[in-house]
Amino acid sequence: MTEFFQWLGLSYEWAWGLSTICGILLIALPLMLGVAMIIYADRKIWAAMALRRGPNVVGPFGLLQSFADGLKVFLQETIIPSAANKGLFILAPILTFTVALLAWAVIPFNSGAVLANINVGLLYVLAISSLGVYGVVIAGWSSNSKYPFFSAMRASAQMISYEVSIGFILICVVLWAGSFNLHTIVEAQRGHVFGIINGFVANPLLFPMWVMFLISGMAETGRAPFDLTEAESELVAGYQTEYSSMSFALYWLGEYANVLLMCALNATLFWGGYLPPLDIPVLYLIPGWIWLIGKILFFFFIFSWVKATVPRYRYDQLMRLGWKVFLPVSLLFVVLVSGYLMAIGHFA
Amino acid sequence: MIQAFAFYLFAALMILSGAVTIMARNPVHSVLWLILAFFNAAGLMVLVGAEFIAMLLIIVYVGAVAVLFLFVVMMLDIDFSELRGGFIKNFPLGMLLALVLLAELMFGVGAFTAGPLQLGVADGAGAVPVDISNTEAIGALLYTRYLFVFEAAGIILLVAMIGAIVLTHRERKDTRGQNVSKQIARRPEDATVNVRPEVGKGVQL
Numbered sequence: 000m001t002e003f004f005q006w007l008g009l010s011y012e013w014a015w016g017l018s019t020i021c022g023i024l025l026i027a028l029p030l031m032l033g034v035a036m037i038i039y040a041d042r043k044i045w046a047a048m049a050l051r052r053g054p055n056v057v058g059p060f061g062l063l064q065s066f067a068d069g070l071k072v073f074l075q076e077t078i079i080p081s082a083a084n085k086g087l088f089i090l091a092p093i094l095t096f097t098v099a100l101l102a103w104a105v106i107p108f109n110s111g112a113v114l115a116n117i118n119v120g121l122l123y124v125l126a127i128s129s130l131g132v133y134g135v136v137i138a139g140w141s142s143n144s145k146y147p148f149f150s151a152m153r154a155s156a157q158m159i160s161y162e163v164s165i166g167f168i169l170i171c172v173v174l175w176a177g178s179f180n181l182h183t184i185v186e187a188q189r190g191h192v193f194g195i196i197n198g199f200v201a202n203p204l205l206f207p208m209w210v211m212f213l214i215s216g217m218a219e220t221g222r223a224p225f226d227l228t229e230a231e232s233e234l235v236a237g238y239q240t241e242y243s244s245m246s247f248a249l250y251w252l253g254e255y256a257n258v259l260l261m262c263a264l265n266a267t268l269f270w271g272g273y274l275p276p277l278d279i280p281v282l283y284l285i286p287g288w289i290w291l292i293g294k295i296l297f298f299f300f301i302f303s304w305v306k307a308t309v310p311r312y313r314y315d316q317l318m319r320l321g322w323k324v325f326l327p328v329s330l331l332f333v334v335l336v337s338g339y340l341m342a343i344g345h346f347a
Numbered sequence: 000m001i002q003a004f005a006f007y008l009f010a011a012l013m014i015l016s017g018a019v020t021i022m023a024r025n026p027v028h029s030v031l032w033l034i035l036a037f038f039n040a041a042g043l044m045v046l047v048g049a050e051f052i053a054m055l056l057i058i059v060y061v062g063a064v065a066v067l068f069l070f071v072v073m074m075l076d077i078d079f080s081e082l083r084g085g086f087i088k089n090f091p092l093g094m095l096l097a098l099v100l101l102a103e104l105m106f107g108v109g110a111f112t113a114g115p116l117q118l119g120v121a122d123g124a125g126a127v128p129v130d131i132s133n134t135e136a137i138g139a140l141l142y143t144r145y146l147f148v149f150e151a152a153g154i155i156l157l158v159a160m161i162g163a164i165v166l167t168h169r170e171r172k173d174t175r176g177q178n179v180s181k182q183i184a185r186r187p188e189d190a191t192v193n194v195r196p197e198v199g200k201g202v203q204l
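So the protein sequences, as listed, match chains A and B.
Using numbering that gives the first Met the number 0, the first residue of the first sequence is number 0, and each one after it goes up by one.
Using numbering that gives the first Met the number 0, the first residue of the second sequence is number 0, and each one after it goes up by one.
Calculated directly from the structure, the hints in this document are not laboratory data.
Each residue gets a CB set at the ideal place from its N, CA and C atoms; glycine is no exception.
Heads up, some of the hints might be wrong.
[What the hints assert, rightly or not] Here are the simulated lysine-lysine pairs, PhoX-like style, with alpha carbons at most 25 Å apart: (1) 323/A to 181/B; (2) 306/A to 323/A; (3) 323/A to 172/B; (4) 43/A to 306/A; (5) 85/A to 43/A.
[Unchecked claim] These stretches of chain A come out as covered by chain B in the derived footprint (C-beta under 8 Å, 3 or more residues): (6) 23-29; (7) 193-207; (8) 233-244; (9) 334-341.
[Stated by the list, open to error] A few chain A positions that, by computed beta-carbon distances, are all more than 12 Å from chain B: (10) 9; (11) 14; (12) 17; (13) 44; (14) 45; (15) 70; (16) 73; (17) 81; (18) 114; (19) 179; (20) 276; (21) 283; (22) 323.
Let's have the full structure, built from the sequences with the hints guiding it.
Structure representation (structure tokens):
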């Protein structure tokens, strides 16, 4: 895109700046639209599994429900509790929302179509996702209220626990791909199994890693069955209890943007990202970003499905799963994968 | 131009947030300013081309260490008057620390003005490789030349971790844990019996 602006007669610096801004808008605006529609889809899927009808009044099939909700919260008054720590109370939802958008910078949407093609892309994603906890913790503390505070404490312990095993799972992928760059990781999956299946997931050593990544992803995004931070039966609404209007909506949007990001990471790291499932020339006629979005939607369906069917974990069970099951198993697989790759001379 | 601007922005913000970290009245605010200082340090690392170190700084310090800090500090019940009361008592120790830091700073500035440090081996022969990314460069050095030092560091950390667990662990006899594998292995036949008693007769359990 930089070349296009240079062709329009701008100097390199201005062309680069403009093309970066355009890239950001090209990712952020469809993402926001996507989040609005995915909230609708989530409610519809949930309703269908509970044999209800879900949102069906606003617009055809209720398609405009999310926009109506958005308009509603936009018109509401922002209430700041008098006992709250005002600056941090306002900062927290902004932080959550910003962090949810940041990580999308390194997701490759097609061969060469990535906003920031950096060498340490996967580490960047890890770094950004580890920031997600701050929005929750700051909200819980600054609300100066008991339920949000419990929620903040749960969130800080929960997210750290699952990040450890996510780190080990990603190391297995990085070992196989030989790079932290997400673009290289996707390209390494081209014809990975029998030279025809695109994706690490078909690899017997990495398939268990994918299953664990999916579950850890749900825990990391605070999604059911791990939504203990906003368990309504125990903590009212968790860290969001004191929030209203737009600050509440920012949490809502940020949460779903994070869920979509986790789906995109599942697709990119294990299911071949923008590559079609099979390495057959005719499948490449469909552009890569359609494959990627298709995969993201598929994983989102899995997330919704789990939300609609699985009961919430108890807190000690959540910790047990993270530390006593996922951590040892993922550590074992780091040893297995690196040992196997050494044995076949992958690093030579 | 933009590099210089970014450098001064990161450096100024880092010094500012470092200063506010020690001056903020509220410990939670202190931790948050500390996190901002970490961020600006990571920005400076990116500017000098050490993106791997920058990312590790954020993942390790911001993502894990600072969360634990915050976790502890959030639950403190702070009495500000008591905090200020210790000022006179701790003043000599504080001055001593400040003097040590000042001496170190002056020593560092003196060493810096004496000439740039030769990177690589002690005699300056091994120059920094420029054609590979710094992730690979760090990996190649850590797992070849400094392998034993690196593994020794790992073992020390492991010992420290086990030590911390052993010191704080206490066996409690009065709590009952959940044995998940036992629960999963339990079948309906083990727990329930299906009997059809005749009319007028009870059931022997």
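Hint check results:
| no. | hint | in the structure |
| --- | --- | --- |
| 1 | 323/A to 181/B | holds, 16 Å |
| 2 | 306/A to 323/A | holds, 23 Å |
| 3 | 323/A to 172/B | holds, 21 Å |
| 4 | 43/A to 306/A | holds, 12 Å |
| 5 | 85/A to 43/A | violated, 37 Å |
| 6 | 23-29 | violated (count 0) |
| 7 | 193-207 | violated (count 0) |
| 8 | 233-244 | violated (count 0) |
| 9 | 334-341 | violated (count 0) |
| 10 | 9 | holds, 16 Å |
| 11 | 14 | holds, 14 Å |
| 12 | 17 | holds, 15 Å |
| 13 | 44 | holds, 28 Å |
| 14 | 45 | holds, 27 Å |
| 15 | 70 | holds, 33 Å |
| 16 | 73 | holds, 28 Å |
| 17 | 81 | holds, 17 Å |
| 18 | 114 | holds, 16 Å |
| 19 | 179 | violated, 6 Å |
| 20 | 276 | holds, 30 Å |
| 21 | 283 | holds, 30 Å |
| 22 | 323 | violated, 9 Å |
Going down the numbered hints, you'll see the structure goes against 5, 6, 7, 8, 9, 19 and 22, while the others check out.
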